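Colleague: Following the hints, complete the assembly by docking chain W onto the known chain P.
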Amino acid sequence: MLRNYLKVALKVLLRRRFYTFISLFGIAFTLVVLTVAAAFLDHVFGDLPPETHADRTRGVYMIRTAGPTTGRTMTFPGYGFLDRYVRTLPGAERISLFTFQEKVVTYKDGARIEAYRKYTDGAFWQILDFRFLEGGPFTARDDQEKNRVAVLNASTRRRFFGDEPAAGRTVEIDGERFRVVGVVEDVSYLRITPFADVWLPIGTLRDEKYRTALHGNFMASILAPRASDLPRIAEEYRSALARFESPDPKDVSEVTGGIDTPFGMLSRMLFSQKLEESRSGQLLGWLLGLAFVFTLLPTVNLINVSVSRILERASEIGVRKAFGASSLTLVGQFLVENVVLTLVGGLLGFALAALVLGGINGSGLFPYARFALNPRVFLYGLLMTLFFGVLSGVYPAWRMSRLHPVDALKGALR
Amino acid sequence: MIRQLVKLCWNRKRSQALVAVEVFFSFLVVFAVMTVVVYNLDNYRRPLGFDYKDVLNVNLGSLSDIVAEHDGRSSSTAREESRRLLREVQELDAVEGAAGMAVPAFDLTGMTDEVEHGGRRFESYNDEVTDDFAQVMRIRVTQGRWFEAADDALPYTPVLVNERLKHDLFGSEDPLGQNIAPKPDEHALGRNGGQAPEFRVVGVFTDFREDGELQGPEPYFLKRSRVAGAGASPYYNLVVRVRPGTPASFEERLLERLRAVSPGHTFQVDPLTKMRRSMMTLKLVPLLAAALVAGFMLVMVALGMVGVLWQSVARRRREIGLRRALGATGRGVSLQVLGELLVVATAGLLVGVALAVQFPLLGVVGWVSTGVYATAIALAALVIYGLTVVAALYPSWLATQVQPAEALHYE
Chain P
1 MLRNYLKVAL
11 KVLLRRRFYT
21 FISLFGIAFT
31 LVVLTVAAAF
41 LDHVFGDLPP
51 ETHADRTRGV
61 YMIRTAGPTT
71 GRTMTFPGYG
81 FLDRYVRTLP
91 GAERISLFTF
101 QEKVVTYKDG
111 ARIEAYRKYT
121 DGAFWQILDF
131 RFLEGGPFTA
141 RDDQEKNRVA
151 VLNASTRRRF
161 FGDEPAAGRT
171 VEIDGERFRV
181 VGVVEDVSYL
191 RITPFADVWL
201 PIGTLRDEKY
211 RTALHGNFMA
221 SILAPRASDL
231 PRIAEEYRSA
241 LARFESPDPK
251 DVSEVTGGID
261 TPFGMLSRML
271 FSQKLEESRS
281 GQLLGWLLGL
291 AFVFTLLPTV
301 NLINVSVSRI
311 LERASEIGVR
321 KAFGASSLTL
331 VGQFLVENVV
341 LTLVGGLLGF
351 ALAALVLGGI
361 NGSGLFPYAR
371 FALNPRVFLY
381 GLLMTLFFGV
391 LSGVYPAWRM
401 SRLHPVDALK
411 GALR
Chain W
1 MIRQLVKLCW
11 NRKRSQALVA
21 VEVFFSFLVV
31 FAVMTVVVYN
41 LDNYRRPLGF
51 DYKDVLNVNL
61 GSLSDIVAEH
71 DGRSSSTARE
81 ESRRLLREVQ
91 ELDAVEGAAG
101 MAVPAFDLTG
111 MTDEVEHGGR
121 RFESYNDEVT
131 DDFAQVMRIR
141 VTQGRWFEAA
151 DDALPYTPVL
161 VNERLKHDLF
171 GSEDPLGQNI
181 APKPDEHALG
191 RNGGQAPEFR
201 VVGVFTDFRE
211 DGELQGPEPY
221 FLKRSRVAGA
231 GASPYYNLVV
241 RVRPGTPASF
251 EERLLERLRA
261 VSPGHTFQVD
271 PLTKMRRSMM
281 TLKLVPLLAA
291 ALVAGFMLVM
301 VALGMVGVLW
311 QSVARRRREI
321 GLRRALGATG
331 RGVSLQVLGE
341 LLVVATAGLL
351 VGVALAVQFP
361 LLGVVGWVST
371 GVYATAIALA
381 ALVIYGLTVV
391 AALYPSWLAT
401 QVQPAEALHY
411 E
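Chains as they are written, first to last, in the numbering used here: chain P, 1 to 414; chain W, 1 to 411.
In isolation and in its complexed conformation, chain P is listed as follows (with noise of 0.2 Å):
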């Protein structure tokens, strides 16, 4: 049965052209739009190397700061306030302290040079899994020791040595001299956590102040054994901003905000007004919501090209009925044959989504980014296709399912 309405569907299809065109057009169109969508969305947020244990680790990304003079400000935490409130949590395994990257600029040769500067400690490398193509990570002891070391991705390397080998040679970054002890593989400017063009260990800051300071622009990762300890880590985490000391309660007087991935902290800084509660169901719920009304014109157009064409084969129905087929059966026919379709559509979106990512990531419009269709994209842009493919189905099956088999053997149709 199912085989004869997929040879019924394939034969209806290359009978109108023009109108397998039109809807072909419109179903992939709308499938690339949502598939790049999801690419970009999966390259933000979804588990990639170097963040190869993501589903046991968390980061303190943003915090709310409260006081009776200064109101309310959401930032990056400072050193001071991670080393003692984050580092100290019990039950996890490591944890990592970091700056958000920013931009520095040095002069080779006359020759301007810009590179992402990140510091960070020995924890990092072990929570990350970066790929090094020579040498290695600094540690802990050279963050303690104030080494001047220094890690490059790739690209930073080419730009200050060419083609040759950079580890235990000199760079200059920002008018200081750092030893690079490794190369690592470049990671995309989109992932909040690694990415970088330089890192360098903490201890290497030029001013102490950072030592003591609440705010500031560093950020905590926090691997725990396994995925299980998380919720304790959290309530640990709470229970720490409980007892919250503050240095000038007239300025801040209270500290809130949670451990959580990237994607959470986002909900969170949205929806969550103290950062308090994760509101990841209510982002995710958003974003399929505006896909969905994305979809309702393309869905309406498709609706509108997929009535006209059942029409034009009133008596193919009428025959139908007139043996006794039921609505039913009808609208299980035609939405075969419309899912067929959206497939066919689909799998051309997709084809044609390959294209323009690769023409973002040929565009250089965010450094190191390789957005791509891997199988986690590909399922979420089956689902949509599926989706899309009942939901413009549904209507004019409907519709046909109703006609009254005399008028549809007539072919006379209002």
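To be clear, the hints were calculated from the coordinates, so they are not data collected in a lab. It is possible that some hints are incorrect.
[Unchecked claim] Cut-off 20 Å, straight-line C-alpha distance, at most; resulting in silico cross-link-like pairs (EDC-like, lysine to aspartate or glutamate):
| hint | chain 1 | residue 1 | chain 2 | residue 2 |
| --- | --- | --- | --- | --- |
| 1 | P | K209 | W | E81 |
| 2 | P | K103 | W | D42 |
| 3 | P | K103 | W | E252 |
| 4 | W | K274 | P | E114 |
| 5 | P | K103 | P | E164 |
| 6 | P | K108 | W | E81 |
| 7 | W | K13 | P | E102 |
| 8 | P | K108 | W | E252 |
| 9 | P | K103 | W | E256 |
| 10 | P | K103 | W | E213 |
| 11 | W | K274 | P | E102 |
[Unchecked claim] Residues from chain P shown here face chain W by an in silico Cβ test under 7 Å; the list is partial:
| hint | residue |
| --- | --- |
| 12 | A37 |
| 13 | Y107 |
| 14 | D174 |
| 15 | L190 |
| 16 | I192 |
| 17 | F195 |
| 18 | N301 |
| 19 | S308 |
[Claimed, not checked] If you want the footprint, here are the derived chain W segments under chain P, 3+ residues with CB under 8 Å:
| hint | segment |
| --- | --- |
| 20 | 46 to 54 |
| 21 | 173 to 179 |
| 22 | 244 to 251 |
| 23 | 306 to 314 |
| 24 | 324 to 333 |
Keep in mind it's a predicted model, so treat the numbers as computed, not measured. In this text, a Cβ means the ideal position worked out from N, Cα and C, and glycines have one as well.
Modeller: Below, chain W alone, put in the same frame as chain P:
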């Protein structure tokens, strides 16, 4: 003629309704895109109010340093340091002039303060600048005067407001000599150590649209940077105007000089032209992506309409043939096809426009003016009608090809 067309469409309202719904959604999409496009074009043609060519921005100190300053630690040494750096830069031979400011131009950050006068009270962007700023950035003062060294002795902070702020706060009143700082409440007093700030207007300048040409018209004012005494703060950025024709290698020399003066600092030197370009990219890329998606959507809608019309022409061959047999011209028939589509499109458009006019009426997006909305609605309607006519071209030509004889020997 039109009444007949409406009647024809009304008789087949079930199948036409879907087309109308499609037109309605398309209109909303085009309206949204047009609003953004018109808004940005409208902004683009306004004067920027300053000259960014041959100007370098020097950022002094990283974010963590700035926040640490706010925590109140060692802010006096930072102030001394920033003054010293400014003096050093001013002495370089390629430098025409240099000034200090708090928040740089072409940057996503901004400072706001509340302003108040005659019962009107709102937040306004502002910046804190030194006396040379007007000369370096070529700010045009249209009324009153710019800051001068003698202002050090004033018991209040002198400010200059832009034309927009003058208009929004004072209307036709004379702004000179007025205090625009809001009446202090206890909360604000506590924050400022018991002393109410006083911002007194000494002049009016055309504008300083720090985010670039695409920024909307916004109220803005410039405070005079206090170099000493209570309330004085360091400046975090220097703007440096270099002599025309200065090579790019000067940036490196400037950076070396700064590092020599103050070794413990991170500096970032960027030409304003470069900062403007990245700001433009940042603002234009999402716009272009949205416009591209909307463009493809319109192609899709047009193709869909062609399909629907084609089908309807094919189904109504008998009716069309009969009209031809009774003496209707080909032109008349094709006009009917087009006319019917236009009637349906108008129905969808009317609903769309009714929804769109709510935006200016309710002031949903406050910073977009009614004029921009009106233009966007008109343009969107025009685009939709254009689309309709294009979509109807082929099917209406097809209708003219129907032979009268077909009507007679159909079936």
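Colleague: Give a verdict on every hint.
Modeller: Right, here's what the structure says about each hint:
The straight-line distance between the Cα atoms of K209 of chain P and E81 of chain W is roughly 16 Å, inside the 20 Å bound, and the hint therefore holds. The straight-line distance between the Cα atoms of K103 of chain P and D42 of chain W is roughly 33 Å, outside the 20 Å bound, and the hint therefore fails. Between K103 of chain P and E252 of chain W the alpha-carbon distance is near 16 Å, which keeps this suggested pair within the 20 Å criterion. Taken as a hint, the K274 of chain W and E114 of chain P pair is honoured in the structure, with Cα atoms around 13 Å apart against an allowance of 20 Å.
A distance of roughly 24 Å separates the Cα atoms of K103 of chain P and E164 of chain P; the hinted pair therefore is violated under the 20 Å criterion. Under the criterion of a C-alpha separation no larger than 20 Å, the hint pairing K108 of chain P with E81 of chain W is inconsistent with the structure, at around 27 Å. The hinted pair formed by K13 of chain W and E102 of chain P fails the criterion: a straight-line CA distance of about 61 Å is larger than 20 Å. Restraint check: the Cα-Cα separation between K108 of chain P and E252 of chain W comes to about 9 Å, which is no more than 20 Å; the hinted pair holds.
Distance restraint check for K103 of chain P and E256 of chain W: the Cα-Cα separation of roughly 17 Å lies within the 20 Å cut-off, and the hinted pair is therefore satisfied. At most 20 Å may separate the alpha-carbon atoms for a hinted pair to count; K103 of chain P and E213 of chain W exceed this at roughly 25 Å. With a C-alpha separation of about 17 Å, the suggested pair K274 of chain W and E102 of chain P falls inside the 20 Å cut-off, and the hint holds. Annotation: A37 of chain P was flagged as interfacial toward chain W, and the flag is violated, the nearest CB pair being 10 Å apart, outside 7 Å.
Checking Y107 of chain P against chain W: minimum C-beta separation of about 4 Å stays under 7 Å; hint holds. Given the 7 Å rule on beta carbons, the hint for D174 of chain P holds: about 6 Å separates it from the nearest Cβ of chain W. Because the beta carbon of L190 of chain P sits about 14 Å from the nearest beta carbon in chain W, more than 7 Å, this interface hint is broken. With 7 Å as the threshold, the beta carbon of I192 of chain P stays out of range of chain W, its nearest partner Cβ sitting at about 15 Å, so the hint is violated.
Interface restraint check: F195 of chain P against chain W, minimum CB-CB distance 16 Å, threshold 7 Å, status violated. At about 4 Å, the closest approach between the beta carbon of N301 of chain P and any beta carbon in chain W falls short of 7 Å, and the interface hint on this residue holds. At about 4 Å, the closest approach between the beta carbon of S308 of chain P and any beta carbon in chain W falls short of 7 Å, and the interface hint on this residue holds. Given as covered by chain P, the segment 46 to 54 of chain W fails the check, having 0 residues with a CB less than 8 Å from a CB of that chain where 3 are the minimum.
Chain P is given as covering the segment 173 to 179 of chain W, and this is violated because 0 residues of the stretch bring a CB closer than 8 Å to a CB of that chain, at least three being needed. Counting residues of the segment 244 to 251 of chain W whose C-beta lies closer than 8 Å to any C-beta of chain P gives 3; at least three are required, and the coverage claim holds. Counting residues of the segment 306 to 314 of chain W whose CB lies closer than 8 Å to any CB of chain P gives 7, so the stated coverage by that chain holds, three being the minimum. Given a C-beta distance limit of less than 8 Å, the hint that chain P covers the segment 324 to 333 of chain W is violated, as 0 residues qualify and 3 are needed.
When held up to the earlier numbered hints, the structure conflicts with 2, 5, 6, 7, 10, 12, 15, 16, 17, 20, 21, 24 and fits the remainder.
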